[in-house]
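K.L.:
This is what each chain is made of:
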Amino acid sequence: MRLVRPDPLVKLAFAIGLVLLVLAACVPVLDSQSAIETGVAQTQQVSGLETAAAQAQGGGQTQTPVPPTAAPTLAAIDPSTFGADAGELVEQNGLWYWNGTQVVFTQHAESDGSLSVWMSLPDETDWPLFIMSSEGVWRLGIEEWNGAITIVNTTELTVDLSLAGGPRVAEGEAFTGSAEAQEQQFTPYEIFNFSSLPPGDYDFTFTYGTAQYACTLHFEQNSKYHVIIVPEGIALLDENSPPQTAAEVNILNSPLCID
Amino acid sequence: MKKYEFSLSLAVLALAILACANLTVTNKDEKETAIVHITLPGGDGGTRPLAPGEVYTKFASEGGEYTVKVLPSEAYLKKLKETEQKASDVLKNPTAYSASAISDALHAFFEIPTTIAALAAGTACKGELPDLEEILVPGGNTGEGDIPTVALTIRFDDVNSVWTCN
Numbered sequence: 009m010r011l012v013r014p015d016p017l018v019k020l021a022f023a024i025g026l027v028l029l030v031l032a033a034c035v036p037v038l039d040s041q042s043a044i045e046t047g048v049a050q051t052q053q054v055s056g057l058e059t060a061a062a063q064a065q066g067g068g069q070t071q072t073p074v075p076p077t078a079a080p081t082l083a084a085i086d087p088s089t090f091g092a093d094a095g096e097l098v099e100q101n102g103l104w105y106w107n108g109t110q111v112v113f114t115q116h117a118e119s120d121g122s123l124s125v126w127m128s129l130p131d132e133t134d135w136p137l138f139i140m141s142s143e144g145v146w147r148l149g150i151e152e153w154n155g156a157i158t159i160v161n162t163t164e165l166t167v168d169l170s171l172a173g174g175p176r177v178a179e180g181e182a183f184t185g186s187a188e189a190q191e192q193q194f195t196p197y198e199i200f201n202f203s204s205l206p207p208g209d210y211d212f213t214f215t216y217g218t219a220q221y222a223c224t225l226h227f228e229q230n231s232k233y234h235v236i237i238v239p240e241g242i243a244l245l246d247e248n249s250p251p252q253t254a255a256e257v258n259i260l261n262s263p264l265c266i267d
Numbered sequence: 253m254k255k256y257e258f259s260l261s262l263a264v265l266a267l268a269i270l271a272c273a274n275l276t277v278t279n280k281d282e283k284e285t286a287i288v289h290i291t292l293p294g295g296d297g298g299t300r301p302l303a304p305g306e307v308y309t310k311f312a313s314e315g316g317e318y319t320v321k322v323l324p325s326e327a328y329l330k331k332l333k334e335t336e337q338k339a340s341d342v343l344k345n346p347t348a349y350s351a352s353a354i355s356d357a358l359h360a361f362f363e364i365p366t367t368i369a370a371l372a373a374g375t376a377c378k379g380e381l382p383d384l385e386e387i388l389v390p391g392g393n394t395g396e397g398d399i400p401t402v403a404l405t406i407r408f409d410d411v412n413s414v415w416t417c418n
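Residue numbers (the working numbering), protein chains in the order written: chain A, 9 to 267; chain B, 253 to 418.
Calculated directly from the structure, the hints in this document are not laboratory data. Since we're looking at a predicted model, the values are computed, not measured. For each residue, glycine too, the CB sits at the ideal point set by N, CA and C. Please note that a few of the clues may not be correct.
What the hints assert, rightly or not - Over 12 Å on every C-beta distance to chain A, these chain B residues come out as not near it, computed from the model:
1) D281
2) A376
3) L404
4) V411
To be verified - Derived DMTMM-like pairs (lysine to aspartate or glutamate); straight-line CA-CA distance at most 25 Å:
5) K344/B - E256/A
6) K344/B - D131/A
7) K331/B - E306/B
As the list claims (entries may be wrong) - Computed list of chain B residues with no C-beta within reach of chain A, every gap over 12 Å:
8) A303
9) G305
10) A372
11) N412
Whenever a hint applies, use it, and build me the whole structure from the sequences.
P.N.:
Here it is as structure tokens:
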């Protein structure tokens, strides 16, 4: 498969998301507060996987069953229906594995009445890796991620952004980066909106003129950050938790920047 | 990260890329700079001045409707100048801001994307970018190839004093 280069932020987002997938033993990145809100009305484990998945999850979730109507069922999850280039999906002893990583399938009733099947890690059933519609069409779960950041370059200077990072993994306090830094350039007077970042910790380094500012930001579902670049410095804001004092607006003093 | 893990990331990354598209806007005018505002499916996008001959490329990770607008330059630059002055003042004189004053300032900052998007636009193009469902069909072959690119051009119409888009 030939690789092509997308927007660096998008590329990093995909890479970081996939790191979570392959690190099957990692600590859950999302807690219940940050779980994806998708408008799903009710959820149930697909019947044939229920026992195995529950065992894998140490009991699993307690959900009100939804009578399946035109829903995709376990029988419909035929590995051959999964696009070959999307990876290898196999069943072994009642458990499913995607490229060697255990996954579970949960059946969801959408708000419009349609039903779908989500493929996710056993400990992250609210975070779909892939979603299969009632028509049997698969799509990436990335479309559910909605971490957002708006970067406003109010200066006459070109701003260079180096972006790296990844999920924090339970190996002491070690920070496990996901990939090499990606570079992005903002032209003078440019506004950049990105609204589909997966959860994780991202290292931002802004360089313009002779100034350089670095900050690691933690993204969860529904995160909404604003970065305003001015000649004197950078204002960093969390729309969901606005700073209480003007001093905290400055990226140099911002409590949003984690170590 | 272990090597095989990153390889897996890239493999699926490539799959996802194949399912998405690039949107390019080229300023074909020979004299005028345009303020180009792009909104992609899912809410991604951006705004920037586009000088004659320049190309603005945005990568769309989702399929669906896109919109391209040419915004009024004066209003856009005025808004950015106001933002710069306010943010600079907050950074330089934090003690001068009471709780209510900083709240007002922050509200204005949070509204920037909405304010910019609402600027009166004389030119707008809309279209559809391919969706992932078109790639990951059951038994389908994702195949290989470049990212599909949707290319638009803008040009200033001197006679009617408006930007045209096609």
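K.L.:
All the hints need checking, so say for each whether the structure fits it.
P.N.:
Right, here's what the structure says about each hint:
1. D281: Non-interface label stands for D281/B: nearest chain A Cβ at 18 Å, farther than 12 Å.
2. A376: A376/B is indeed farther than 12 Å from all Cβ atoms of chain A, at 17 Å.
3. L404: holds, 17 Å
4. V411: holds, 28 Å
5. K344/B - E256/A: It holds: about 12 Å lies between the C-alpha atoms, which stays within 25 Å.
6. K344/B - D131/A: Outside the cut-off at roughly 46 Å; violated.
7. K331/B - E306/B: holds, 23 Å
8. A303: violated, 9 Å
9. G305: The assertion about G305/B holds, with a minimum of 14 Å to chain A.
10. A372: holds, 17 Å
11. N412: holds, 26 Å
Of the numbered hints listed earlier, those contradicted by the structure are 6, 8.
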